[in-house]
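*Asks:* Chain residues, written in single-letter form:
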Amino acid sequence: MSLEVQKQHDTLIVRVCGEFDLRAADYCRRDIDQKLKTQGAKHILFNLGGVTFIDSSGLGVILGRYRKVTENGGKVAISNVPPRVTRILELSGITRLIPVYANESLALKELA
Amino acid sequence: MSLEVQKQHDTLIVRVCGEFDLRAADYCRRDIDQKLKTQGAKHILFNLGGVTFIDSSGLGVILGRYRKVTENGGKVAISNVPPRVTRILELSGITRLIPVYANESLALKELA
Amino acid sequence: MRLRNRMKLEFLSRPENVSLARVAVATFATEVDFNLSDLEEIKVAVSEAVSNAIVHGYEGKPTGTVLLTATLYQNELEIVIEDRGRGIADLARALQPGTSSDPERMGLGFVFMKSFMDEVDVWSEAGQGTRVKLVKTLPGELRAQNLAES
Amino acid sequence: MRLRNRMKLEFLSRPENVSLARVAVATFATEVDFNLSDLEEIKVAVSEAVSNAIVHGYEGKPTGTVLLTATLYQNELEIVIEDRGRGIADLARALQPGTSSDPERMGLGFVFMKSFMDEVDVWSEAGQGTRVKLVKTLPGELRAQNLAES
Ligand SMILES: Nc1ncnc2c1ncn2[C@@H]1O[C@H](COP(=O)(O)OP(=O)(O)O)[C@@H](O)[C@H]1O
Ligand SMILES: Nc1ncnc2c1ncn2[C@@H]1O[C@H](COP(=O)(O)OP(=O)(O)O)[C@@H](O)[C@H]1O
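Residue numbers (the working numbering), protein chains in the order written: chain V, 1 to 112; chain U, 1 to 112; chain B, 1 to 150; chain H, 1 to 150.
There could be a bad hint or two in this list.
[Stated by the list, open to error] Where chain B lies over chain H, by a calculated footprint (3+ residues, C-beta under 8 Å):
no., region
1, 13–21
2, 24–33
3, 39–46
[Claimed, not checked] Here are the computed lysine-lysine pairs in the BS3-like style, where the Cα-Cα straight-line distance is at most 25 Å:
no., chain 1, residue 1, chain 2, residue 2
4, U, 7, U, 37
5, B, 133, H, 133
6, U, 75, U, 7
7, V, 68, V, 37
8, U, 68, U, 7
9, U, 35, U, 75
10, U, 68, U, 42
11, H, 8, H, 114
12, B, 133, B, 61
13, H, 133, B, 8
14, H, 61, B, 8
15, V, 37, V, 75
16, H, 8, B, 8
17, H, 61, B, 61
18, U, 75, U, 109
Everything labelled a hint here was simulated from the structure, so no lab data went into it.
For every residue, glycine included, the Cβ atom is placed at its ideal position computed from N, Cα and C.
Start from the sequences, fold in the hints, and give me the full structure.
*Replies:* Structure below.
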């Protein structure tokens, strides 16, 4: 699993690649929270384009960041969801809280 | 593992794909021997281009067919060896018995 | 029910072994030509049960042992995941969707297991450990084929 | 030698499980960033030892049990493959290159294990079964890194 984090305006773009499971979750949580703080971002965009596997541990990282960011008045979005991730994302109920966009630029337009 | 067998003139071209291990060996041995007989071929060309894994069980199928075919005055050749297969093929000593060619047409030219 | 194949996998309660468990079960299951989405579902269910054993059962301590048994019968794949950890005191409550003893988790593990498998059974006793049985029925065509072969 | 991770895999002596053993060991080993050719070599060695257990140990009968244990230490990966099959009466002879009790086989299993692993030990007794230990030393850079971490 690898994480690419990039700040654009007020938004932290988080590109997740590989297996987003328990092993990845701890590392991701810490890395994202730290970068939110040091880079002073308000919103988060999760680009899931490279995700090959996700389970409730991975989804938990997204939901946890959502709770944190919205508490501070920020917004969260998801983009580039691969077909194999779509169903579990919907089943989790996350798509009722967090909007899903086809690509990064559409998502960034809404977050701005 | 999958096997594609095709007769061209006197030669049975055997294209092996996937993992050429113990599980594949039994099936291959039977399939090749049966087709040698029914199609009345004299030589065999093993195209290993699609092989993702090989061990001594797979190599044993090649050597066994070599013994059988040469007893009847036929010849055996190998072609399209992937890099990961090269070393184990040399280590086995098979390359001292059976000539290796870059592609099928070069091999067929020599077998003819 | 005729047994066709069986494997047992025992590993330490370390997060990196969740992926080991998934890969082993998926490889074991390829033997029966499950379709890709069935395989994905089996992987998620295994991932949830094994993650629970590590996170809840052994409370994150990496020295516990998790045991996974996969058995292929004529008509179904059965997977049992066991730990000898903390156990679940109130099982009825734990099985409710959205219930988690860990604020960083979603309480969706059992929900996913139930959504993705045809049968989920849980045995647990406080202080004794937990055992989760997951069953996936083979696709109809495969079942018929197996009957014809037997 | 500090233990970093361990798994045990038990499976029936069926040819389809040779690939299961390879995949499980390769997944277990990815944790230490072996390079690709090391991983390939480990897979061949495991394949040979497990195939031997099935073909020779249990003489092709699919009802035997093969046990594979993989342990990751600070400096090496150790893999032990055991069967409770026929055993080897004359071990010195069996270990000679090109020696096989099966005319359809090449007698290269032990040759490959020795070429591809840093250490190969075999224990066997006629009628009792066979145990093969395979050791692969971690690449130098990884060893240094582990020492630094410990
Ligand atoms: N193997 C286990 N050992 C101990 N407790 C468990 C185990 N599996 C599940 N539980 C309990 O059941 C609850 C619900 O589990 P689950 O639905 O998977 O949600 P989550 O893992 O997100 O908490 C957990 O929060 C935990 O308290
Ligand atoms: N697990 C085992 N149980 C019984 N006999 C074995 C076992 N492993 C190896 N042998 C014996 O040792 C011989 C040499 O083994 P090996 O070098 O792997 O060659 P091959 O498998 O091609 O015969 C085998 O032919 C067999 O007689």
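*Asks:* Hint by hint, note whether the structure agrees.
*Replies:* Do the hints match the structure? See the list:
A count of 5 residues in the region 13–21 of chain H with a Cβ less than 8 Å from any Cβ of chain B is obtained; the coverage claim is therefore met, three being the minimum. Look at the region 24–33 of chain H against chain B: 4 of its residues bring a Cβ nearer than 8 Å to a Cβ of that chain, three or more, so the hint holds. As drawn, the region 39–46 of chain H meets chain B at 0 residues by the rule of a beta-carbon pair under 8 Å; below three, the given contact is violated. Proximity of residue 7 of chain U to residue 37 of chain U is assessed by CA-CA distance (about 12 Å); at most 25 Å being required, the pair is judged to hold.
With a C-alpha separation of about 33 Å, the suggested pairing of residue 133 of chain B with residue 133 of chain H is violated against the 25 Å cut-off. Taking the CA atoms of residue 75 of chain U and residue 7 of chain U, the gap is about 14 Å. The hint holds against a cut of 25 Å. For the suggested pair residue 68 of chain V and residue 37 of chain V, the alpha carbons sit about 12 Å apart, so the restraint of at most 25 Å is met. A C-alpha spacing of about 17 Å is found between residue 68 of chain U and residue 7 of chain U, which places the hinted pair at or below 25 Å, so the restraint holds.
With a C-alpha separation of about 16 Å, the suggested pair residue 35 of chain U and residue 75 of chain U falls inside the 25 Å cut-off, and the hint holds. Among the hinted pairs, residue 68 of chain U with residue 42 of chain U is consistent with the structure: their alpha-carbon atoms are about 10 Å apart, no more than 25 Å. Straight-line distance between C-alpha atoms of residue 8 of chain H and residue 114 of chain H comes to about 23 Å, which keeps the hinted pair within the 25 Å bound. Taking the CA atoms of residue 133 of chain B and residue 61 of chain B, the gap is near 23 Å; set against the 25 Å cutoff, the hint holds.
In summary, the hint linking residue 133 of chain H to residue 8 of chain B is supported, as the alpha carbons are separated by about 20 Å, within the 25 Å threshold. A C-alpha spacing of about 19 Å is found between residue 61 of chain H and residue 8 of chain B, which places the hinted pair at or below 25 Å, so the restraint holds. Under the criterion of a C-alpha separation no larger than 25 Å, the hint pairing residue 37 of chain V with residue 75 of chain V is consistent with the structure, at around 15 Å. About 8 Å separates the Cα atoms of residue 8 of chain H and residue 8 of chain B, which keeps this hinted pair within 25 Å; it holds.
Simply put, residue 61 of chain H and residue 61 of chain B have alpha-carbon atoms about 40 Å apart, too far for the 25 Å limit, and the pair is violated. Distance restraint check for residue 75 of chain U and residue 109 of chain U: the Cα-Cα separation of roughly 12 Å lies within the 25 Å cut-off, and the hinted pair is therefore satisfied.
When the structure is compared with the earlier hints, violations turn up for hints 3, 5 and 17 and for no others.
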